[in-house]
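In terms of the numbering used here, the sequence shown has 24 at position 24, counting the first letter as 1, and numbering is strictly consecutive.
Honestly, the hints are just simulated from the structure, not real lab data.
On a predicted model such as this, the values are computed, not experimentally measured, just so you know.
Quick list of in silico lysine-lysine cross-link-like pairs, BS3-like style, CA-CA up to 30 Å:
#1 32 <-> 43
#2 26 <-> 43
#3 51 <-> 39
#4 26 <-> 39
#5 20 <-> 39
#6 32 <-> 20
#7 32 <-> 51
#8 70 <-> 51
#9 51 <-> 67
Label pairs and their computed distance ranges (CB to CB):
#10 85 <-> 61: 34 to 42 Å
#11 79 <-> 51: 41 to 49 Å
#12 16 <-> 55: 57 to 65 Å
#13 68 <-> 33: 51 to 59 Å
#14 16 <-> 42: 37 to 45 Å
#15 48 <-> 88: 58 to 66 Å
#16 4 <-> 30: 34 to 42 Å
#17 54 <-> 80: 37 to 45 Å
#18 74 <-> 53: 30 to 38 Å
#19 40 <-> 61: 31 to 39 Å
#20 79 <-> 42: 52 to 60 Å
#21 4 <-> 45: 52 to 60 Å
#22 82 <-> 59: 32 to 40 Å
Backbone N, C-alpha and C fix where the C-beta goes; we use that ideal spot for every residue, glycine too.
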Amino acid sequence: MSQSPVTDSLEIILTNITEKLDSLQKDVTDLKVDMAEVKTELKIIDRRLEKVEGTQDALIQDVSDLKGAKSLIIPVVVAVLTSILTLLVRSIPNP
Numbered sequence: 001m002s003q004s005p006v007t008d009s010l011e012i013i014l015t016n017i018t019e020k021l022d023s024l025q026k027d028v029t030d031l032k033v034d035m036a037e038v039k040t041e042l043k044i045i046d047r048r049l050e051k052v053e054g055t056q057d058a059l060i061q062d063v064s065d066l067k068g069a070k071s072l073i074i075p076v077v078v079a080v081l082t083s084i085l086t087l088l089v090r091s092i093p094n095p
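With the sequences and hints as input, model every part of the structure.
In structure tokens:
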């Protein structure tokens with residue numbers, strides 16, 4: 001395989017290479033800027049997620065407290081009903 005000789009001058013070739021390198025450098029700079037923006041947004045999202053997790057923990061605790069209060073309602077109702085029945089039975093006169 002024979003290769004054709006280069007007919008362009010060295011100056012033109014170097015100019016083309018320089019232009020391509022400049023273009024690549026601009027692309028790299030753009031990528032760095034985009035990466036910085038993504039990191040900033042990620043930090044914001046991370047802070048928001050921490051707030052949501054804190055709220056979730058508080059809600060879980062509130063639900064647990066409500067379940068505990070619900071389990072106390074039944075004994076209180078039974079005690080009140082027992083007291084009422086006791087009062088009714090005592091109010092009936094003995095023959």
